[in-house]
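Colleague: Each chain is listed here by its residues.
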Amino acid sequence: MLTAASTDGQIVAACRAGDQDAWRALIARFDRYILGIIRHGYRVPEQDAEDVFQEIFVKAYRRLDDLRSDDAIGPWLAGIARHTCLSRMRTRIAEPAEHVDHPSDADAGMDLVERAMDVDAALQQLPEACREILERFFRLEQPYSQIAQELSLPPGTVASRISRCLSRLRAELEGRDQPVGASGQTS
Amino acid sequence: MSEGWSEVELGDLLAVLPRPPQAWTEAAAAIPALEVAIEHLRLLGAMDAELRADEIERLEMALRQAGVEPTVELREALRRHLESH
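Line by line, the protein sequences give chains G and C. If you're matching positions, the first sequence starts at 679 in the numbering used here and goes up one per residue. If you're matching positions, the second sequence starts at 18 in the numbering used here and goes up one per residue.
If you are wondering where the hints come from, they were derived from the structure by calculation, not from laboratory data. Keep in mind that a hint or two might mislead.
[What the hints assert, rightly or not] Which stretches of chain G does chain C cover? Using the computed rule of at least three CB atoms under 8 Å from a CB of chain C, they are:
id, segment
1, 692-704
2, 724-735
3, 753-766
4, 795-805
[Said to hold, decoys possible] Examples of chain G residues lying across from chain C (beta carbon under 8 Å, computed):
id, residue
5, Phe816
6, Leu831
7, Arg848
The C-beta atom is built at its ideal place from N, Cα and C for all residues, glycine as well.
Work the whole structure out from these sequences, hints included.
Modeller: Right under this line is the structure:
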């Protein structure tokens, strides 16, 4: 039985055994990371982003048996994502675009994604109430009024709660000795 | 290395990784089932080709037993004849 605390290796092993719930868990664990690589690492044009996203997971599914260390699924997926993004960009090379022209651009983008994954891993360690309010404000871009209404909070407390949760997030990050893996799960 | 996180930086980094649209993740979750379906179709295609080859062999055998050599020309003529009926 897989849980949020299951390691990457446990999820991969279950995927390999044909467990479809494990495959869903794998996607849930890495979907943000893959999308981050697509959008920020390689700046794949938005109209191609969904195709590239699906292509990455199809390749991963078909090649899962090639993965040497199950706990290295994060970097392995990142490698597939990198090749898939570059391949897609090559097909668009004739189009003047927003795509990445220099490897250093991609490196900077990947660094941003890795830092964001570290923050996400720390976020997962916070209480549910903090996770939810930070998610709503920063990722779903909901205004204070909507957050207050949907979470049944007094309107004046949303900003202070966000600030408190950011402080907890910072404390969680500063309590870490080193960055964790792409999924935030250790082996 | 994780020292000195400002609230602004944390907010920006949180915003870097939104959840993909639900339709994307649902499509990705369906990949194993689709792969099974594709493999099934591939096997059916192979079986179909095998059945057709068996049927051709059976028909050619019938021609030979009737004393007719199934040459390429004859097979083409029979095919045209069958397709016109």
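Colleague: Take the hints in turn and mark each one as holding or not.
Modeller: Hints, verified against the model:
no. : hint    : verdict
1   : 692-704 : holds (count 4)
2   : 724-735 : holds (count 4)
3   : 753-766 : violated (count 0)
4   : 795-805 : holds (count 5)
5   : Phe816  : holds, 4 Å
6   : Leu831  : violated, 19 Å
7   : Arg848  : holds, 5 Å
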